[in-house]
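J.: Chain by chain, the residues:
Protein chains: 6
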Amino acid sequence: MNQPKHLTALELPPLPRAKLDSDNQAYFSKCEEKLGFVPNVLQAYSFDNIKLSNFIAFCDEIMLADSGLSKLEREMIAVVVSAANRCYYCLIAHGAVVRKLSKDPVLGELLVTNYRVADLPKRQRAMLDFATKMTTSSYEISEADRSGLREVGFAERDIWDIVAVAGFFNMSNRMASALDMMPNPQYHQLGR
Amino acid sequence: MNQPKHLTALELPPLPRAKLDSDNQAYFSKCEEKLGFVPNVLQAYSFDNIKLSNFIAFCDEIMLADSGLSKLEREMIAVVVSAANRCYYCLIAHGAVVRKLSKDPVLGELLVTNYRVADLPKRQRAMLDFATKMTTSSYEISEADRSGLREVGFAERDIWDIVAVAGFFNMSNRMASALDMMPNPQYHQLGR
Amino acid sequence: MNQPKHLTALELPPLPRAKLDSDNQAYFSKCEEKLGFVPNVLQAYSFDNIKLSNFIAFCDEIMLADSGLSKLEREMIAVVVSAANRCYYCLIAHGAVVRKLSKDPVLGELLVTNYRVADLPKRQRAMLDFATKMTTSSYEISEADRSGLREVGFAERDIWDIVAVAGFFNMSNRMASALDMMPNPQYHQLGR
Amino acid sequence: MNQPKHLTALELPPLPRAKLDSDNQAYFSKCEEKLGFVPNVLQAYSFDNIKLSNFIAFCDEIMLADSGLSKLEREMIAVVVSAANRCYYCLIAHGAVVRKLSKDPVLGELLVTNYRVADLPKRQRAMLDFATKMTTSSYEISEADRSGLREVGFAERDIWDIVAVAGFFNMSNRMASALDMMPNPQYHQLGR
Amino acid sequence: MNQPKHLTALELPPLPRAKLDSDNQAYFSKCEEKLGFVPNVLQAYSFDNIKLSNFIAFCDEIMLADSGLSKLEREMIAVVVSAANRCYYCLIAHGAVVRKLSKDPVLGELLVTNYRVADLPKRQRAMLDFATKMTTSSYEISEADRSGLREVGFAERDIWDIVAVAGFFNMSNRMASALDMMPNPQYHQLGR
Amino acid sequence: MNQPKHLTALELPPLPRAKLDSDNQAYFSKCEEKLGFVPNVLQAYSFDNIKLSNFIAFCDEIMLADSGLSKLEREMIAVVVSAANRCYYCLIAHGAVVRKLSKDPVLGELLVTNYRVADLPKRQRAMLDFATKMTTSSYEISEADRSGLREVGFAERDIWDIVAVAGFFNMSNRMASALDMMPNPQYHQLGR
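Chains as they are written, first to last, in my numbering: chain A, 35 to 226; chain B, 35 to 226; chain C, 35 to 226; chain D, 35 to 226; chain E, 35 to 226; chain F, 35 to 226.
Treat the hints loosely; a few may be bogus.
Copies of the same chain look alike in the list, so a pair counts if it works inside one copy or between any two.
Calculated cross-link-like contacts (lysine-lysine; reagent style DSBU-like; alpha-carbon spacing at most 30 Å) [unchecked claim]:
(1) Lys156 / Lys39
(2) Lys156 / Lys137
(3) Lys85 / Lys156
(4) Lys85 / Lys64
(5) Lys167 / Lys39
Don't read these hints as lab results, they were simulated from the structure. Please read these numbers as outputs of a predicted model, since none were measured by experiment.
Make the full structure from the sequences, and use the hints.
T.: In structure tokens:
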């Protein structure tokens, strides 16, 4: 296996489980229960209790809270933004989640490699085009781009959510690449 | 004044102050006390109490918590990333904070326009080069780039903080541009 | 499954098997025997016997003939070039071949998403960097780039072979994308 | 102040005032009268009397002669081109002139950071889009781009003037960056 | 003459003429008869008989076989793709062929420098735009691009041929640049 | 001939020769004597006497005045900058001048297509690399780039001249492309 063996390239060892705040401990236990493991991004943050709990709260609200976007759609944005940024960690982890939620491994591959090739409903295509433009040339986004989203049925609040998810992965991708963060090996087989 | 008059391009009106959670209300009051106004990015988030408090917690820990980077250095990264992304909101708001913290309006202008021209200590130049590479081609970051930071004296934890700040503004810039978020007019004169 | 259902976007139906030249028929039978299917790129070319046999001869000599590069190394170049060009067909098909030849599915994922993250021997890293530069800015290749290959042990003939493989996939990727060519579904599970 | 202390990075000392041609001396005096200082770009050219007077004549005709474009509009083009080229000298100097002529400091900031965000009349937006395309991909300009200018009311001669101003700053920006030319400190406060 | 003196930068000497397969010998003789010389690209391949004959077969079928595209049109695509890739060898060799076939040296210069400036029939302009998009951003080609070709009269098979020629030169250009291949001096005067 | 028939795309007819200032008339006569024609760029400017004489003075001082750079070297910069900007007018006109001054048509072709391939003295290679960086990413030029020029023997004044020529053609190229300016047909055969 040619994947480096570290969690990240920085020597910032995770706190021992017992030193984590009880909320963080509980969250890790829930991950192990549901997924079978604690995602490495959380391990990477766990050298500091506050950073870890802030990240969990911030990320989960964006990806899991009630929204006009389904959880799968939010993961689709995650993968398409990560593909534009060529982020290994996020493509492996969120590509897996797309496969799992959609029960369609081919959809996962399409989004990882080139979503433009996929045969998607107009709504999802528009959402992914917008997220891509946010990633590659956000300063050129104009009212016409937002109107395009409204025309395929997105409400104001949905647009906020597209923006929030695409924004979040533009942060996460860059952090993961800058830190050389490695995904848990379990992701590779998930949902295949 | 040629600046659009809206808070953002979306019709997501802020909750009335009284409907904000008490923590959020308190935070807004503190802003008004210290700055004289509530930054528009917080107003923009204030259509939803949880989104608002998550954002405040996440952002403040990154920008204000104890760190090997000074608050000014974190704001310098914010401005340089925002310049690479050509984000009007963040350049106006964080350019102002750089002027205020540094008491050097020229430094603010240098970072907004082209930080490469500034006469900076090696440490800060390396930090800003790294943040720029994270912004424009994160997938090309390698161990050599991280070593460059260590060589000018950054500790592992400092590198995490550089990465976290640069990552955060790659999110914020894109959200602000995608939403056409407008800065408070007060920023324009701050620290001049 | 969100993959379009066509072979390519052009209406150029393959000749019936019986109308193929005997060499081409034999080649297709060998594919079915060895792989279980005829790769769609060959089906796509099979509207014309001469085009098909020329393509088979040209491609197979590059990828399978004796060389200082192993077959796996040539497939690694194929995937890395296809990643730079974001070619769905070639990433799916040659990503699968890398998994199969290397018996290392993670290596396949690393090359599909961002080979710079992989923990590769110097020789292979240099080979993939050269292939990437050929893909993104061939007009900037200089003697220093070729010397870099010699320094990690490549002979003159090996360098020709790197160049030939990287060149070939810069053709194939663009043809596949321009034609909206779809990979055989069997590739998705191959070597997992 | 983190701005380098030199006029330019080259050791080409200005001629003493007495060695300047009388026209050039008179021009410098007029600058001091009107602006309070001689712009550093002129100081930089003043190692040679002919270069200096040629530059003054060429620049002033473009920026100040009768035209269907107002002086402010020509300065707006100057700033927008300089923003695309990230030229510190020109953004500081001409950003100041925009503030002064428009009496609108916010307009200056909008053009320095991202003119696409400004709420501009169609005519000015078209003019700035054209100048930006000239800056980033002039070889892709076509009749459709010129027609776009005619449609918002520009006459043939006005189009020449847009082209001349945008062209001029594509020269000046590159010269200023290549020479590391530093703006006069007085610009920073002008028109605030 | 500032052109390097080698055939390519690799030490892979051509086989002596007598060691070439009889078909290859015959082909070289035909070149000398018709053109007055053997194109250097063929000399470069002639260190290996099979590579040479495969290349000849593959290239000639694409460029010379019956097609809805004239030979000149295929050469026009060759030049425009080579211009986008800034390939010296192919611009000199195929620029010469365009001059010769079209008997219009100016057309050759237009395609070498910037085909967008030429006054071309819609059909040829569409063909060259498509080939250019294949060269610079093939992953963004969509059904709309293919429909554009159909609208100006190209049949399915013609589109295949445009794709095949543009693909081929994206291979050849990169090989020529990577190998520092030098064109025969005779091309420079051909068709002037 | 596929070159458009106009002087530029704008309807700005040249003044009749008799309406030109006497200096401009004399200059045009000298062109006809020496070159056999008046360069179209001057015809294009000749709708206005002052613009024309300013342009002549400015351009001629840069290209023809005493300098540590030979006239050929200045024309080499002109061509290389024009190649980066893909400017048809300037590549045809100044490519011709390079052929004529150097008596080496191949040098002209090398600079028009890809100067990196030419076998140039270190001094000229450094000069052209600097001019290219000024053209494509002037904001990234640093002291190291200027030092590179000093190391191959350029004096401070020579560096100014490199900068002035490269700057000038970044203006001219963009104006010529934006105006669709057409070169005189005589250039095509000049110096062949």
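J.: Does each hint fit the structure? Answer for all of them.
T.: Status of the hints after comparison with the structure:
In this assembly of identical chains, Lys156 and Lys39 lie within 30 Å of each other by CA distance solely across copies; the values are 17 Å between and 41 Å within a copy. For the homomeric pair Lys156 and Lys137, the shortest alpha-carbon distance inside one copy (21 Å) is at most 30 Å, but the shortest distance between copies (39 Å) is not. In the homo-oligomer, the alpha carbons of Lys85 and Lys156 lie at most 30 Å apart only across protomers (28 Å), although the nearest pairing inside one protomer, at 38 Å, exceeds that limit. When the C-alpha separation of Lys85 and Lys64 is checked against a cutoff of 30 Å, the pair qualifies both within a copy, at 19 Å, and between copies, at 23 Å.
Taking the shortest alpha-carbon separations for Lys167 and Lys39, only the inter-copy value of 24 Å comes in at or below 30 Å, while the best intra-copy value is 34 Å.
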